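Please model the complete structure; the sequences and the hints are all you need to start from.
Number of protein chains: 2
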Amino acid sequence: MTPEREKVVFDAEMKRYRNGEIWEFEDDLGVSDDSGVLLGLDGGTTSTVCICMPMIPFSHSQLHSLPILARAVAGCSNHNSVGEIAARETIEQVMAEALSKCGSKRSSVRAVCLAVSGVNHPTDQQRILNWLRDIFPNHVKLYVLNDAVAALASGTMGKLHGCVLIAGTGSIAYGFTEDGKEARAAGAGPVLGDWGSGYGIAAQALTAVVRAHDGRGPSTMLTSSILQKLGLSSAEELIGWTYADPSWARIAALVPVVVTCAEAGDEVANKVLLESVQELASSVKAVVQRLGLCGQDGKSAFPIVMVGGVLEAHRGRWDIGQEVVNCISKCFPGVIPIRPKVEPAVGAAWLAWNFFMKEYQRG
Amino acid sequence: MTPEREKVVFDAEMKRYRNGEIWEFEDDLGVSDDSGVLLGLDGGTTSTVCICMPMIPFSHSQLHSLPILARAVAGCSNHNSVGEIAARETIEQVMAEALSKCGSKRSSVRAVCLAVSGVNHPTDQQRILNWLRDIFPNHVKLYVLNDAVAALASGTMGKLHGCVLIAGTGSIAYGFTEDGKEARAAGAGPVLGDWGSGYGIAAQALTAVVRAHDGRGPSTMLTSSILQKLGLSSAEELIGWTYADPSWARIAALVPVVVTCAEAGDEVANKVLLESVQELASSVKAVVQRLGLCGQDGKSAFPIVMVGGVLEAHRGRWDIGQEVVNCISKCFPGVIPIRPKVEPAVGAAWLAWNFFMKEYQRG
Numbered sequence: 578m579t580p581e582r583e584k585v586v587f588d589a590e591m592k593r594y595r596n597g598e599i600w601e602f603e604d605d606l607g608v609s610d611d612s613g614v615l616l617g618l619d620g621g622t623t624s625t626v627c628i629c630m631p632m633i634p635f636s637h638s639q640l641h642s643l644p645i646l647a648r649a650v651a652g653c654s655n656h657n658s659v660g661e662i663a664a665r666e667t668i669e670q671v672m673a674e675a676l677s678k679c680g681s682k683r684s685s686v687r688a689v690c691l692a693v694s695g696v697n698h699p700t701d702q703q704r705i706l707n708w709l710r711d712i713f714p715n716h717v718k719l720y721v722l723n724d725a726v727a728a729l730a731s732g733t734m735g736k737l738h739g740c741v742l743i744a745g746t747g748s749i750a751y752g753f754t755e756d757g758k759e760a761r762a763a764g765a766g767p768v769l770g771d772w773g774s775g776y777g778i779a780a781q782a783l784t785a786v787v788r789a790h791d792g793r794g795p796s797t798m799l800t801s802s803i804l805q806k807l808g809l810s811s812a813e814e815l816i817g818w819t820y821a822d823p824s825w826a827r828i829a830a831l832v833p834v835v836v837t838c839a840e841a842g843d844e845v846a847n848k849v850l851l852e853s854v855q856e857l858a859s860s861v862k863a864v865v866q867r868l869g870l871c872g873q874d875g876k877s878a879f880p881i882v883m884v885g886g887v888l889e890a891h892r893g894r895w896d897i898g899q900e901v902v903n904c905i906s907k908c909f910p911g912v913i914p915i916r917p918k919v920e921p922a923v924g925a926a927w928l929a930w931n932f933f934m935k936e937y938q939r940g
Numbered sequence: 578m579t580p581e582r583e584k585v586v587f588d589a590e591m592k593r594y595r596n597g598e599i600w601e602f603e604d605d606l607g608v609s610d611d612s613g614v615l616l617g618l619d620g621g622t623t624s625t626v627c628i629c630m631p632m633i634p635f636s637h638s639q640l641h642s643l644p645i646l647a648r649a650v651a652g653c654s655n656h657n658s659v660g661e662i663a664a665r666e667t668i669e670q671v672m673a674e675a676l677s678k679c680g681s682k683r684s685s686v687r688a689v690c691l692a693v694s695g696v697n698h699p700t701d702q703q704r705i706l707n708w709l710r711d712i713f714p715n716h717v718k719l720y721v722l723n724d725a726v727a728a729l730a731s732g733t734m735g736k737l738h739g740c741v742l743i744a745g746t747g748s749i750a751y752g753f754t755e756d757g758k759e760a761r762a763a764g765a766g767p768v769l770g771d772w773g774s775g776y777g778i779a780a781q782a783l784t785a786v787v788r789a790h791d792g793r794g795p796s797t798m799l800t801s802s803i804l805q806k807l808g809l810s811s812a813e814e815l816i817g818w819t820y821a822d823p824s825w826a827r828i829a830a831l832v833p834v835v836v837t838c839a840e841a842g843d844e845v846a847n848k849v850l851l852e853s854v855q856e857l858a859s860s861v862k863a864v865v866q867r868l869g870l871c872g873q874d875g876k877s878a879f880p881i882v883m884v885g886g887v888l889e890a891h892r893g894r895w896d897i898g899q900e901v902v903n904c905i906s907k908c909f910p911g912v913i914p915i916r917p918k919v920e921p922a923v924g925a926a927w928l929a930w931n932f933f934m935k936e937y938q939r940g
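Residue numbers (my numbering), protein chains in the order written: chain W, 578 to 940; chain X, 578 to 940.
Careful, some of the hints might be misleading.
Identical copies carry no separate label here, and so any pair may be met within one copy or between two of them.
[Said to hold, decoys possible] Distance condition first, Cα-Cα at most 35 angstroms in a straight line; then the derived DSBU-like pairs of lysine-lysine:
hint, residue 1, residue 2
1, Lys-758, Lys-806
2, Lys-907, Lys-848
3, Lys-935, Lys-758
Derived from the structure by calculation, the hints contain no laboratory data.
The structure presented is a predicted model; accordingly, all values stated were derived computationally and were not measured.
Below, the structure is given as structure tokens:
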């Protein structure tokens with residue numbers, strides 16, 4: 578056996594060993610009750626949350642009162658960021674943890690809605706469905722969506738209508754019409770110009786520091802603030818720091834430093850945030866226009882659900898989310914901003930229930 | 578032993594096994610002649626070249642006639658791009674291959690000049706020197722530099738004076754004054770805004786395709802040209818393609834498509850190239866200004882060595898290198914563009930000879 582082949586076998590064995598362990602808790606459970614449960618999973622570039630809810634057949638209007646049986650949290654599950662194998666492990670792990678916490682087996686699950694970032698094409702969806710199929714018994718209904726859909730559902734109680742803007746580590750705008758048309762913009766990750774995201778803001782700020790150091794750009798308060806935050810002593814050290822770890826979330830964690838500098842009057846930081854607002858607003862506008870959510874006169878009311886750390890209200894003067902809304906409402910005065918009270922994983926669980934009930938009613 | 582620990586031991590054994598193999602050829606060589614050899618290595622983000630030259634103690638003016646004994650080529654050795662272990666393996670491998678080709682042992686080596694991209698800080702330099710020290714006998718003089726320095730030397734016959742602009746997969750401007758001052762700009766990789774590089778050009782072009790698809794930007798010929806080049810059928814598939822492999826060189830390989838579209842009159846492609854020219858020129862200007870290479874009146878003559886695929890003359894109308902020179906000469910009319918006739922690895926070997934002779938003369 579060549580060393581390369583040995584390594585493949587070794588890795589495969591390690592994986593099997595781990596996955597057996599993931600579901601071990603099921604052996605200790607007795608006969609499960611038969612009312613059944615739902616799993617809603619929100620997998621982002623920073624963290625992954627899985628919610629377990631009871632499966633009770635009641636009407637849509639009561640959905641918001643569905644109790645949460647268990648909640649589990651894990652790290653990044655965007656396959657474009659951490660790779661397919663790591664993403665899969667994280668998702669399987671966090672689902673097992675949620676079920677284990679409420680003492681349910683996989684056989685009690687009625688439906689799973691996996692809303693994960695990095696699902697950009699039907700082939701992504703199919704690949705994830707295939708390995709999800711191996712984990713659950715045949716009767717379990719499986720739905721795989723982009724995480725943006727769950728975020729929208731978290732603000733609309735599971736109804737797919739309007740536009741959602743997510744700006745956390747990554748950013749994306751996703752919209753649905755009531756008759757089922759959908760459209761998206763941005764969400765293509767940092768290489769493909771996702772500049773409104775937390776990663777985009779932080780990368781632009783880091784770039785500004787390097788430019789100031791090189792003599793290619795104006796000096797900025799970002800230099801001392803970012804170096805201090807990272808415990809580095811010179812701008813040259815930023816290069817080593819940046820490439821030491823390819824995690825997008827690690828870069829995006831610098832956003833609060835940029836906001837603080839902008840609030841303190843730094844022009845360079847201010848410009849980075851203004852550009853991010855323009856980027857985010859232009860993504861929403863593209864979706865609204867393509868779907869005609871604003872009506873023929875451009876003034877119809879439609880909801881925009883705002884999700885993610887970048888859009889959360891800050892105490893200081895600089896509120897990125899509010900600036901984006903101001904920018905959008907200049908074009909579309911009917912925009913109704915919604916900041917959801919529940920997290921996207923709950924939106925995913927609502928969607929699982931919705932999709933399941935539709936299939937059930939159909940036949 | 579835990580599976581993690583087992584993996585560490587296994588990897589270490591694999592490494593020892595491979596490295597033993599690298600130098601096996603030395604056992605088959607007889608007693609080596611004592612005139613000695615020099616190694617010059619140019620390690621970029623796309624490829625790594627190692628040159629072996631004879632060590633003959635003659636004067637500086639004759640340096641350009643140094644014959645090449647052997648040349649070996651390998652892949653990327655930028656530790657920021659492929660990681661420390663892979664970079665190290667590649668460098669050790671390619672040096673062994675060059676020595677093996679001319680039938681020399683490590684004991685015949687007098688000096689090694691390793692010019693590798695990703696060396697941005699004295700700590701990078703020291704880390705590489707440390708493991709290089711383990712490979713060669715104690716008498717061998719070792720020099721580790723940023724690859725830009727070798728590129729400059731390839732255009733100035735080993736003299737460190739003037740500015741070099743490299744634009745291949747990455748880009749950097751590096752300059753030296755005759756009294757030993759140095760300065761650099763850009764070269765901080767894609768996250769830190771290296772937008773004039775081949776990677777930068779291609780990433781901007783890919784971004785333009787995604788924006789056109791989303792409805793956030795004008796439609797462009799880049800869409801059909803890039804999709805055809807990559808054998809993809811839709812812009813959504815670009816996301817999967819982009820993140821399937823994190824190699825910067827793979828993205829940068831799309832530059833010729835962008836040039837072709839710009840030559841065919843595509844406005845979006847044209848804008849991407851014009852922005853790259855501005856970026857590259859601004860890096861050079863920052864270095865020239867900081868070092869005062871242009872003299873007090875801004876009109877003194879100084880060489881600018883142009884290296885890398887992006888700057889090579891194209892047959893069509895769009896010559897990025899020429900545009901950059903035009904842009905620089907508006908500020909600094911004394912600029913003398915040089916397109917080197919030898920490759921940077923030869924520049925590295927010249928530097929090894931230069932540094933060695935200086936140390937020899939000093940003591």
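Can you list which hints this structure breaks, lowest number first? none
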